[in-house]
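Visitor: Top line first, the protein sequences correspond to chains A and B. Number 69 in full-length UniProt numbering belongs to position 69 of the first sequence; there are no gaps in the numbering. Number 32 in full-length UniProt numbering belongs to position 32 of the second sequence; there are no gaps in the numbering.
A few of these clues could be false.
[As the list claims (entries may be wrong)] Straight-line Cα separation of at most 30 Å, DSBU-like style, residue types lysine-lysine; simulated pairs:
(1) LYS140/B with LYS88/A
(2) LYS82/A with LYS95/A
(3) LYS49/A with LYS121/B
(4) LYS48/A with LYS124/B
(5) LYS101/B with LYS67/A
(6) LYS101/B with LYS95/A
(7) LYS104/B with LYS88/A
(8) LYS49/A with LYS118/B
(9) LYS28/A with LYS48/A
(10) LYS140/B with LYS82/A
(11) LYS28/A with LYS45/A
(12) LYS67/A with LYS118/B
(13) LYS82/A with LYS65/A
(14) LYS28/A with LYS124/B
(15) LYS101/B with LYS82/A
(16) LYS67/A with LYS121/B
(17) LYS140/B with LYS28/A
(18) LYS118/B with LYS87/B
(19) LYS121/B with LYS65/A
(20) LYS140/B with LYS67/A
(21) LYS124/B with LYS82/A
(22) LYS28/A with LYS82/A
(23) LYS121/B with LYS45/A
[Unchecked claim] Listing some non-contacts, in silico: residues in chain B with all C-beta distances to chain A over 10 Å:
(24) TYR18
(25) LYS27
(26) PHE53
(27) THR110
(28) ALA135
Honestly, the hints are just simulated from the structure, not real lab data. Remember, it's a predicted structure, so these values are computed and weren't measured experimentally. Cβ atoms here follow ideal geometry from the backbone N, Cα and C, with glycine treated the same way.
Residue strings, one per chain:
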Amino acid sequence: MDFAPAFRTPVMDLTGCLINAQQSHRCKDYELHFYECMEAYGIPKGYKKCSDMFEDYHECLTLGKQKARVQAIAQEQARQYKEGIIPKPYADPPKRDSY
Amino acid sequence: MATAAKTTPQDLPPKGGYGPIVTERTKLRSIFSGRSMILGYFAVTSVSFYIYFKGYKVIKKHEVEMRSARMVMFPLLLAERDREYLKQLRRNRDSETELMKNVKNWETGTYYGEPIYKTAKSSKLIDPDCLEYYAFASDKDYQDRAEISLWT
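Build out the structure end to end from the sequences listed, making use of the hints.
Guide: Following this line, the structure appears as structure tokens:
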């Protein structure tokens, strides 16, 4: 990222590259996208311009929205089953070994 | 002594005394001579090697056959799995549309109208989490299978 440390040591150069998402097949593109954006705009502007990319990167790492979606769906399913709109509480599960 | 009269008499050597002690070597009955033992060893070994290599060839052939069969089968099974995965994604999407049609602000594939990834192209397939893949199934089904799927 664009942050420069207040003082540098050789250890920082050695270990700075270790903690990132570049080994993750899913998130590496989002991370790189965000870092490139921050590098292009710098600190004050980058916070505004790159917020979308940051949110995407964050979402990829935490899966927050995807899990919230599952919760919302489960709640709606339970509600509809309670009120008798749908006959079964759950749908049939996916086939085995398909995930 | 008073008790000596009750005891039996001491053991004595047999009549005529003990025989002489045998100190000469007694030869064993020899079935094979040294020469025939070595010749028999080579005969048995060569016959066994012949039989062993016959079996070795058969087993190698079988291994090659099975390996080729697996190589042919693997892409098919992989493709079938991917196909079933995509089909299930469609089924999930349709169930979501059907289930959430009356929920306010809900669009399929989003969280209350908010896209999951803002910068991703709309054509990009967003792989669901395992939990999201089983969103419509029961918890029991998920737990039965997630254990295995997350370990592999």
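Visitor: It remains to establish, for every hint, whether it holds in the given structure.
Guide: Each hint, compared with the structure:
Between the alpha carbons of LYS140/B and LYS88/A the distance comes to roughly 15 Å, so the proposed pair stays at or under 30 Å and holds. Among the hinted pairs, LYS82/A with LYS95/A is consistent with the structure: their alpha-carbon atoms are about 27 Å apart, no more than 30 Å. With a CA separation close to 18 Å, the supplied pair LYS49/A and LYS121/B stays within the 30 Å bound. Using a Cα cut-off of 30 Å, the hinted pair LYS48/A and LYS124/B holds, with the two alpha carbons roughly 25 Å apart.
For the hint pairing LYS101/B with LYS67/A, the CA-to-CA distance comes to about 20 Å; that is within 30 Å, so the pair holds. For the hint linking LYS101/B to LYS95/A, the alpha-carbon distance of about 26 Å falls within 30 Å, and the restraint holds. Between LYS104/B and LYS88/A the alpha-carbon distance is near 23 Å, which keeps this suggested pair within the 30 Å criterion. Our distance criterion of 30 Å between C-alpha atoms is met by LYS49/A and LYS118/B, whose separation comes to about 13 Å.
Taken as a hint, the LYS28/A and LYS48/A pair is honoured in the structure, with Cα atoms around 22 Å apart against an allowance of 30 Å. About 19 Å separates the Cα atoms of LYS140/B and LYS82/A, which keeps this hinted pair within 30 Å; it holds. Under the criterion of a C-alpha separation no larger than 30 Å, the hint pairing LYS28/A with LYS45/A is consistent with the structure, at around 23 Å. Straight-line distance between C-alpha atoms of LYS67/A and LYS118/B comes to about 17 Å, which keeps the hinted pair within the 30 Å bound.
About 26 Å separates the Cα atoms of LYS82/A and LYS65/A, which keeps this hinted pair within 30 Å; it holds. In summary, the hint linking LYS28/A to LYS124/B is supported, as the alpha carbons are separated by about 15 Å, within the 30 Å threshold. Under the criterion of a C-alpha separation no larger than 30 Å, the hint pairing LYS101/B with LYS82/A is consistent with the structure, at around 17 Å. A distance of roughly 21 Å separates the Cα atoms of LYS67/A and LYS121/B; the hinted pair therefore holds under the 30 Å criterion.
Distance hint between LYS140/B and LYS28/A is unfulfilled; the C-alpha atoms sit about 33 Å from each other, more than 30 Å. Among the hinted pairs, LYS118/B with LYS87/B is consistent with the structure: their alpha-carbon atoms are about 25 Å apart, no more than 30 Å. A distance of roughly 17 Å separates the Cα atoms of LYS121/B and LYS65/A; the hinted pair therefore holds under the 30 Å criterion. Restraint check: the Cα-Cα separation between LYS140/B and LYS67/A comes to about 18 Å, which is no more than 30 Å; the hinted pair holds.
For the hint linking LYS124/B to LYS82/A, the alpha-carbon distance of about 36 Å lies beyond 30 Å, and the restraint is violated. For the given pair, LYS28/A sits about 42 Å from LYS82/A by alpha-carbon distance, which is inconsistent with the 30 Å threshold. About 24 Å separates the Cα atoms of LYS121/B and LYS45/A, which keeps this hinted pair within 30 Å; it holds. Every beta carbon of chain A lies more than 10 Å from that of TYR18/B, the smallest distance being close to 86 Å; the non-interface claim holds.
Distance to chain A confirms LYS27/B as a non-interface residue, since its nearest Cβ pair spans about 73 Å, more than 10 Å. In this structure PHE53/B is separated from chain A by more than 10 Å, as the shortest Cβ-Cβ distance comes to about 41 Å. Against the 10 Å criterion, THR110/B falls within the reach of chain A, whose nearest CB is about 8 Å from its own CB. The non-interface label for ALA135/B is inconsistent with chain A: the shortest C-beta to C-beta separation is roughly 5 Å, within 10 Å.
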